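Residue numbers for the sequence shown follow numbering that gives the first Met the number 0, beginning at 0 and rising by one.
Please note that the accuracy of each hint is not assured.
Said to hold, decoys possible - Label-pair distances were calculated between CB atoms; the ranges are:
1. Ala-38 x Lys-4: 15 to 21 Å
2. His-58 x Pro-24: 27 to 33 Å
3. Ser-60 x Ala-18: 18 to 24 Å
4. His-80 x Lys-4: 17 to 23 Å
5. Asp-70 x Lys-7: 21 to 27 Å
6. His-33 x Asp-79: 19 to 25 Å
7. Glu-52 x Glu-76: 28 to 34 Å
8. Gly-23 x Pro-56: 28 to 34 Å
9. Asp-46 x Gly-83: 29 to 35 Å
10. Gly-83 x Glu-42: 26 to 32 Å
11. Leu-1 x Ser-45: 18 to 24 Å
12. Asp-30 x Lys-7: 20 to 26 Å
Hints are computed from structural coordinates only; laboratory data are not their basis. Only a predicted model underlies this, so the values are computations on that prediction, with no experimental measurement involved. By construction, the Cβ of each residue, glycine as well, lies at the ideal position given by its N, Cα and C atoms.
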Amino acid sequence: MLERKRLKGRTQVTFILPADAPQGPVSVVGDFNHWNPAAHPLEPRSDGTRAAEVSLPAHSSHSFRYLAAGDYWFDDEQADHHDGNSRIHT
């Protein structure tokens with residue numbers, strides 16, 4: 000799931016997944032963090048989900064995917080567009 004909050008000149012994007020699907024550590028990786036899996040790991044939240052927040056320039060478009068344990072890459076079904084990667088428009 001994706002949540003967006005508009006801020007002055009930026010958009011705060013929260014990438015959210017269930018706590019146990021998939022199991023193990025998961026990171027959101029994309030052009031906004033140079034595809035670095037260590038940059039934005041999803042962290043547990045009190046509501047039973049896990050999430051990572053990224054602040055992106057407003058009115059921009061970015062490619063991303065999730066990377067889970069075992070080199071398992073997957074897309075976000077709620078992304079704005081899919082072209083081999085998930086895409087989000089801020």
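Outcome of the hint check:
no.: 1; hint: Ala-38 x Lys-4: 15 to 21 Å; verdict: holds (20 Å)
no.: 2; hint: His-58 x Pro-24: 27 to 33 Å; verdict: holds (32 Å)
no.: 3; hint: Ser-60 x Ala-18: 18 to 24 Å; verdict: violated (29 Å)
no.: 4; hint: His-80 x Lys-4: 17 to 23 Å; verdict: holds (20 Å)
no.: 5; hint: Asp-70 x Lys-7: 21 to 27 Å; verdict: violated (38 Å)
no.: 6; hint: His-33 x Asp-79: 19 to 25 Å; verdict: holds (21 Å)
no.: 7; hint: Glu-52 x Glu-76: 28 to 34 Å; verdict: violated (20 Å)
no.: 8; hint: Gly-23 x Pro-56: 28 to 34 Å; verdict: holds (31 Å)
no.: 9; hint: Asp-46 x Gly-83: 29 to 35 Å; verdict: holds (31 Å)
no.: 10; hint: Gly-83 x Glu-42: 26 to 32 Å; verdict: holds (27 Å)
no.: 11; hint: Leu-1 x Ser-45: 18 to 24 Å; verdict: holds (19 Å)
no.: 12; hint: Asp-30 x Lys-7: 20 to 26 Å; verdict: holds (23 Å)
Hint compliance for this structure: hints 3, 5 and 7 are not met, and every other hint is.
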